[in-house]
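Protein chains in written order, with my numbering: chain A, 1 to 310; chain B, 1 to 310.
Each hint should be verified, as a subset may be incorrect.
[To be verified] Okay, the calculated beta carbon distance ranges per label pair: (1) 284/B x 228/A: 36 to 44 Å; (2) 232/A x 214/B: 38 to 46 Å; (3) 278/B x 228/A: 43 to 51 Å; (4) 269/B x 278/A: 23 to 31 Å; (5) 194/B x 276/A: 38 to 46 Å; (6) 168/B x 236/A: 34 to 42 Å; (7) 290/B x 227/A: 44 to 52 Å; (8) 243/A x 27/B: 34 to 42 Å; (9) 239/B x 250/A: 25 to 33 Å; (10) 27/B x 26/A: 42 to 50 Å; (11) 244/B x 43/A: 29 to 37 Å; (12) 10/A x 214/B: 23 to 31 Å.
[Unchecked claim] Some, not all, of what chain B presents toward chain A, calculated at C-beta under 7 Å: (13) 30; (14) 208; (15) 213; (16) 220; (17) 222; (18) 226; (19) 248; (20) 249; (21) 259; (22) 287; (23) 296; (24) 299; (25) 303; (26) 308.
These aren't lab readings, by the way, just hints derived from the structure by calculation. Note that the Cβ used here is the ideal one computed from N, Cα and C, for glycine as well.
2 protein chains.
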Amino acid sequence: MTGIAAAVLAGDRRATARAISAVENDAPEAVALLRAIHARLGRARVLGITGPPGAGKSTLTSALIGEFLARGSRVAVLAFDPSSPISGGAILGDRIRMGAHQSHERVFIRSLASRGYPGGLSRTASRAIDVLDAAGYDVVIVETVGAGQSDVEIRLLADTRVVICPAGLGDEIQAIKSGLLEIADIYAVNKADSPLAERTEGELRSMIGLREYPGWVPRIVRTVATTGDGVAELVEAISAHEAAGGVRVGPRERVRRLIAAGVSDWVKGRMESFSSPEFDALCEAYAKGEVGMRDAWRRALELAFAQERK
Amino acid sequence: MTGIAAAVLAGDRRATARAISAVENDAPEAVALLRAIHARLGRARVLGITGPPGAGKSTLTSALIGEFLARGSRVAVLAFDPSSPISGGAILGDRIRMGAHQSHERVFIRSLASRGYPGGLSRTASRAIDVLDAAGYDVVIVETVGAGQSDVEIRLLADTRVVICPAGLGDEIQAIKSGLLEIADIYAVNKADSPLAERTEGELRSMIGLREYPGWVPRIVRTVATTGDGVAELVEAISAHEAAGGVRVGPRERVRRLIAAGVSDWVKGRMESFSSPEFDALCEAYAKGEVGMRDAWRRALELAFAQERK
Numbered sequence: 001m002t003g004i005a006a007a008v009l010a011g012d013r014r015a016t017a018r019a020i021s022a023v024e025n026d027a028p029e030a031v032a033l034l035r036a037i038h039a040r041l042g043r044a045r046v047l048g049i050t051g052p053p054g055a056g057k058s059t060l061t062s063a064l065i066g067e068f069l070a071r072g073s074r075v076a077v078l079a080f081d082p083s084s085p086i087s088g089g090a091i092l093g094d095r096i097r098m099g100a101h102q103s104h105e106r107v108f109i110r111s112l113a114s115r116g117y118p119g120g121l122s123r124t125a126s127r128a129i130d131v132l133d134a135a136g137y138d139v140v141i142v143e144t145v146g147a148g149q150s151d152v153e154i155r156l157l158a159d160t161r162v163v164i165c166p167a168g169l170g171d172e173i174q175a176i177k178s179g180l181l182e183i184a185d186i187y188a189v190n191k192a193d194s195p196l197a198e199r200t201e202g203e204l205r206s207m208i209g210l211r212e213y214p215g216w217v218p219r220i221v222r223t224v225a226t227t228g229d230g231v232a233e234l235v236e237a238i239s240a241h242e243a244a245g246g247v248r249v250g251p252r253e254r255v256r257r258l259i260a261a262g263v264s265d266w267v268k269g270r271m272e273s274f275s276s277p278e279f280d281a282l283c284e285a286y287a288k289g290e291v292g293m294r295d296a297w298r299r300a301l302e303l304a305f306a307q308e309r310k
Numbered sequence: 001m002t003g004i005a006a007a008v009l010a011g012d013r014r015a016t017a018r019a020i021s022a023v024e025n026d027a028p029e030a031v032a033l034l035r036a037i038h039a040r041l042g043r044a045r046v047l048g049i050t051g052p053p054g055a056g057k058s059t060l061t062s063a064l065i066g067e068f069l070a071r072g073s074r075v076a077v078l079a080f081d082p083s084s085p086i087s088g089g090a091i092l093g094d095r096i097r098m099g100a101h102q103s104h105e106r107v108f109i110r111s112l113a114s115r116g117y118p119g120g121l122s123r124t125a126s127r128a129i130d131v132l133d134a135a136g137y138d139v140v141i142v143e144t145v146g147a148g149q150s151d152v153e154i155r156l157l158a159d160t161r162v163v164i165c166p167a168g169l170g171d172e173i174q175a176i177k178s179g180l181l182e183i184a185d186i187y188a189v190n191k192a193d194s195p196l197a198e199r200t201e202g203e204l205r206s207m208i209g210l211r212e213y214p215g216w217v218p219r220i221v222r223t224v225a226t227t228g229d230g231v232a233e234l235v236e237a238i239s240a241h242e243a244a245g246g247v248r249v250g251p252r253e254r255v256r257r258l259i260a261a262g263v264s265d266w267v268k269g270r271m272e273s274f275s276s277p278e279f280d281a282l283c284e285a286y287a288k289g290e291v292g293m294r295d296a297w298r299r300a301l302e303l304a305f306a307q308e309r310k
């Protein structure tokens, strides 16, 4: 075993930070590291936190860290920095707000950069989660900015997903995209000391009523991140979701999902824009009844991915 | 050219009915027929009508037929019979309600049966649309029961999609699944003489406000299908959508979408449940950093579809 892997497994903070950098940068030492920790994974619970900008994500994450620490847990946070320079400033401010916990020995906070290609974030995040799991963190909070692909990735990575909605469904709810609403296991109505919290909760409740859930039905918890009100209740809701069963992803299934979802997205993206003279001819043959549907699928898949073969 | 193809192209009703039966049953003469009409496609506009059971779909479709007839159009209706025996009775009733137009020389009404496998409905429907297009119908209305896969198929087939919502968002809106709400170009709030119409329209408006639309923003039209109130406005909204541009699917693109979406669904379905010792080994190799993400996708796709190769 490499020195760094042994140090990570012993819970060494500096080694953990170095190991995450190694997986983030696809450094040569990452392979030996990932191999060495592989058999030691599966203890950490992964908690996804997302919501629109301004919802109070980082303040609530900070309050959650405090609550988990009070319960004796070791807590790690992976925060996704968007490449967008616009939200860059806010993220920096959030990191500073979380700073109070940064030096606590049972807390580890780290920003992750997107690698700038689809699936890049979840790939890095999945490996960073493995490192933090190996380093003995009980809870790994993955915090995203609540826009675009990162929310979908939260769905794949997290055991429990919390979507933060600011009280007052005015213009702000415009930012809560439909995709966000679909992934929530728990809604935190934050800034719940606002007179608008009642209405926000009501609107969420009616949205939940519009959907059908095969198992767990999303819960709503009111929080005031700045004072810590409702944060204990939020942790209780998270525990209830964990206890509900059938929700644990774990390291093996996380990788399987990551690759399976990656393949599906890759094929969907390619097929949506795929065009070639052979595909045109296939479509025409299908339209003329000369080729059956399943044969058309099989042949189209072959055509679209022909150059991927060796 | 076969006799039946020539008769279809001449607008013969009986030949059109026989031709649709041929494509529905994959009869041997279907190939010659589809080949013969292939060069003559592309005039018909395809209108998708869907909504929950009880929304008044068939009454509204009947009213739409009357409005299109009054504007001088030839109108065809393809109604999807679900295999479910529960809704079978209602569908039969709907067919009877549409009966007033059935004998009109510029109207053609036909029920299509699902072939009982994914994509079967859209496959049959796509070919039936081609036959009706060749037979000179200006508008082809595809009416589905508003549950499950058929709504997704409407998305692929139709140039303009109308989702019918009954006034009064009580238990009935439970039936309007999120998938239905995503596909609408136009919402018809039907039974708009109910005092609840105002609220229904308001809830739809706030739902539309939650999403972002790259082009056309869905319109809401109030209708009373039983009296015909609002039906002219609905046709105006349909014309506005057609005129908005970029929405026309057409026969070539319809087949391309059908096959591309079929491939994506096929791969997604397979990947969600795919499991094999080789895939487990691949996931482990990825987790250990021995395989890159893109190589993992490529290899996983090969593994999942190995038996599909010849």
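Here's how the hints hold up against the structure:
1. The beta-carbon spacing between residue 284/B and residue 228/A, approximately 42 Å, falls within the hinted interval of 36 to 44 Å.
2. At roughly 42 Å, the beta carbons of residue 232/A and residue 214/B sit within the given window of 38 to 46 Å.
3. Range check, residue 278/B to residue 228/A: Cβ separation about 50 Å, and the 43 to 51 Å hint holds.
4. Look at residue 269/B against residue 278/A: about 25 Å separates their beta carbons, and that is inside 23 to 31 Å.
5. The beta-carbon spacing between residue 194/B and residue 276/A, approximately 52 Å, falls outside the hinted interval of 38 to 46 Å.
6. The supplied range of 34 to 42 Å is met by residue 168/B and residue 236/A, whose beta-carbon atoms lie about 37 Å from each other.
7. Checking the proposed 44 to 52 Å range against residue 290/B and residue 227/A shows it holds: the Cβ atoms sit about 48 Å from each other.
8. In this structure, residue 243/A and residue 27/B break the distance hint of 34 to 42 Å, their C-beta atoms being roughly 57 Å apart.
9. Judged by the Cβ atoms, the range 25 to 33 Å given for residue 239/B and residue 250/A is violated: they are separated by roughly 54 Å.
10. In this structure, residue 27/B and residue 26/A break the distance hint of 42 to 50 Å, their C-beta atoms being roughly 57 Å apart.
11. A hinted range of 29 to 37 Å for the beta carbons of residue 244/B and residue 43/A is inconsistent with their spacing of about 54 Å.
12. In this structure the supplied range 23 to 31 Å is violated for residue 10/A paired with residue 214/B, their Cβ-Cβ distance being about 51 Å.
13. Because the beta carbon of residue 30/B sits about 5 Å from the nearest beta carbon in chain A, less than 7 Å, this interface hint is met.
14. Hint status for residue 208/B: violated, given a least beta-carbon distance of 11 Å to chain A, over 7 Å.
15. Because the smallest distance between the Cβ of residue 213/B and any Cβ of chain A comes to about 11 Å, over 7 Å, the interface hint for this residue is violated.
16. Annotation: interface hint on residue 220/B violated; nearest CB of chain A at approximately 17 Å, more than 7 Å.
17. A cut of 7 Å between beta carbons decides the hint on residue 222/B: the least distance to chain A is about 21 Å, and the hint is violated.
18. At about 27 Å, the closest approach between the beta carbon of residue 226/B and any beta carbon in chain A exceeds 7 Å, and the interface hint on this residue is violated.
19. The beta carbon of residue 248/B is not positioned within 7 Å of any beta carbon in chain A (closest approach about 17 Å), and the interface hint is therefore violated.
20. The restraint placing residue 249/B at the interface with chain A is violated, with a minimum CB-CB distance near 13 Å, outside the 7 Å limit.
21. The interface hint given for residue 259/B is met, as the beta carbon of that residue sits about 5 Å from the closest beta carbon of chain A, less than 7 Å.
22. With a cut of 7 Å, the hint placing residue 287/B at the interface with chain A holds, because the nearest CB-to-CB distance is about 5 Å.
23. For residue 296/B, the interface hint holds, since its Cβ comes within 7 Å of a Cβ in chain A; the closest pair sits about 5 Å apart.
24. The interface hint given for residue 299/B is broken, as the beta carbon of that residue sits about 9 Å from the closest beta carbon of chain A, more than 7 Å.
25. Interface restraint check for residue 303/B: the shortest CB-CB distance to chain A comes to about 10 Å, outside 7 Å, so the restraint is violated.
26. Hint status for residue 308/B: holds, given a least beta-carbon distance of 5 Å to chain A, under 7 Å.
Consistency with the previously given hints fails for numbers 5, 8, 9, 10, 11, 12, 14, 15, 16, 17, 18, 19, 20, 24, 25, ordered from lowest to highest.
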